[in-house]
Amino acid sequence: MAKNIAIPFKGTAEQEAELRKVIAEHKADKGALMPILQKAQGIYGYLPVEVQKIIATEMDISMEKIYGVVTFYSQFSLYPKGEYTISVCLGTACYVKGSGDIYNKISEVLGIGGGETTADGKFTLVDCRCIGACGLAPVMTINDDVYGRLTVGEIEGILAKYKD
Amino acid sequence: MYRSHVLVCGGTGCTSSGSQAIIDKLNFEIAKNGLDKEIQVVKTGCHGLCALGPIMIIYPEGTFYSRVTENDVEEIVSEHLVKGRVVNRLVYDETVENGEVKSIQDTDFYRHQHRIALRNCGVINPENIEEYIGTRGYEALGKVLTEMTPEQVIDTILASGLRGRGGAGFPTGRKWQMARNFVQDGGQKYVCCNADEGDPGAFMDRSVLEGDPHVVLEAMAIAGYAIGASQGYIYVRAEYPIAVKRLEIAINQAHEYGLLGKDIFGTGFDFDIGLRLGAGAFVCGEETALMTSIEGNRGEPRPRPPFPAVKGLFARPTILNNVETYANVPQIILNGAEWFASMGTEKSKGTKVFALGGKINNTGLVEIPMGTTLRTIIEEIGGGIPNGKKFKAAQTGGPSGGCISPENLDVPIDYDNLLAIGSMMGSGGLIVMDEDNCMVDIAKFFLQFTVDESCGKCTPCRIGTRRLLEMLDKVTKGQATMEDLDKIEKLCYYIKENSLCGLGQTAPNPVLSTLRYFRDEYIAHVVDKTCPAGVCKDLLRYEIEKEKCIGCGMCARNCPANAITKTDYIAPGKKLPAMAIDPDKCVKCGACMDNCKFKAISKK
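For the protein sequence lines, the chains are A and B, in the order given. The numbering of the first sequence is numbering that gives the first Met the number 0, which starts it at 0 and goes up by one. The numbering of the second sequence is numbering that gives the first Met the number 0, which starts it at 0 and goes up by one.
Next up, chain A with everything else stripped away, as it sits in the complex:
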């Protein structure tokens, strides 16, 4: 299991108001749960039980069903992510060009495994399956920055840019 820092839920009243507004807007749509969860994660950054409970009550859906959906899809997270999410592409094109070594190097430098966050809350490491930039393989993204044609030697320098 991934180590995750236990952070108490710190949702604000504004966030809750925004969530309730989103639910009200979409409630009547067919199959509204997925878009609402996606927007909720956009508001809070993750989907803790507290947020799931609001959605369950407002939409009159059982917690069991919401928890089932949240845990099924890899993009939904029950835990907060670090300030920077490092996503290394392990799709086939990147893998055959050595992205596995890139991933291991980052894991070694930061001392965390996949899905884990560093103790200072700075970095989360995840793998992803193809962002479609196969021409640039191997590729990783750090939040919205894309790094292509990577070599293991570049990793420490790139990470250093985000450390302070």
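Treat the hints as calculated values from the structure; they're not laboratory data. Some hints could be false.
Selected chain A positions facing chain B (in silico; Cβ < 10 angstroms) [stated by the list, open to error]: (1) Leu89; (2) Tyr94; (3) Glu107; (4) Cys129; (5) Gly152.
For every residue, glycine included, the Cβ atom is placed at its ideal position computed from N, Cα and C.
Add chain B to chain A, keeping to what the hints say.
For chain B alone, kept in the frame of chain A given last:
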């Protein structure tokens, strides 16, 4: 009227290598030179040649600049656009022959291609509906609504021989016919588009959505008319933010122009399209799982029958086609079924888009007539394997497909031939591997993917794939026996025959096909305990050739495990004692080999 158009690729590949900054700089420089009334910058979709991105093409002359950077922009504007002089150092070298610049269409990369699904990609601005209309966009929808009956539309698609481009190759017309014929109560039917391109290494659909989003909307409306549906859904991966944004823009523009919504073309036909975002589950590319996901549930598949054409989304008759399949439809309506059927092989008509990736020079997107050989794709279009390495295998069909070995390079590619040689068309990912790739490792890689993505609903897939992975892991660690290879094969067939959906039924394919064509490599792992490609770490040994070692100590300084020490031996002609690696301490990271300037370290 503009005297010149500068096309800059705004696809994911080129955007990742900085094309937006180039566009901003271009606009700035053009305005600075007072040319903004004469020259227009157009942000297009993908040109296909992602390896050379960011790509810029200047018309009317058609100069093809590759690997452009922000710093090149000033020179391009002042030299090319102001003075009319081509910036030779940036011109794609394949387009230069005997000092003359030839058309991009004559290069090896484009010469063999025939672009139908990709016809507008890289040509028009995907965020402007008028550019799509300017290339006969929405004309097919108009023709269908005003001149054809739904039955005629279906007959045309049937006669064209179009088969599903998502991988399985089911005849598209037959699917539509089933949904059309199912008149149960006059209630709602649905048209869905599968844009959940989960196959790693495949990005055809993304390029169509990014480069020509309206073609998908138009085709879905045509399908809606054909089967009698007024509502469509596009299920698109959330990992494709540019595609999602362009689809949103396209849907809004189509509404403004009355090409979606109520009473389209004044014919009384209503059709609307909603966008649904995936959330990172590979199994949602399976049709029943995709529909369950749109409904707001865990994306688990369900048994068929009933088929979606009878009972699909929200338990209503539904058709689901892939992005590339839809991209062919308007062209078939405009040019006729015979035109489309004249291309390709006997049972596979038209063209197929492949995403070329891996160990190949021209990584990117290519659209070729069915029946082209893999040799043409790799050696001519793809420009061969980098660094003079030897071709070992090409993988098609992703985690559901298999490997094509060198002896099958001349098989004409179509649905049936690929199945016969143990692979499959799949959605069109084509990953090339060279002698440095270990086939057991590749099989393990795909299986790891399936294990992660198995939804867990049925046991053969959930547990079977995991046991299979464990056995492959034994092989790569040198712990397996020959009986294990037999067990692996037996379990593969068991999983294939007993899994609920396509994910499990095809999951063992990468293992079976590598066992079939690269059995020697498995045996080398099992019997000789070696990995011929030098990939499987547990079977590797790094060694310092003491005769070549000058004793500089670079390797020891870079070793994270302190596994390298001095020996007593000084090679003839060298001044310092040679180094040696302690195999018990070595973690096989390869840092020593990377840092040795004298090539004295080898792995075996």
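Hint check:
no.	hint	result
1	Leu89	holds (8 angstroms)
2	Tyr94	holds (6 angstroms)
3	Glu107	holds (8 angstroms)
4	Cys129	holds (4 angstroms)
5	Gly152	holds (7 angstroms)
Consistency note: the structure conflicts with none of the earlier hints.
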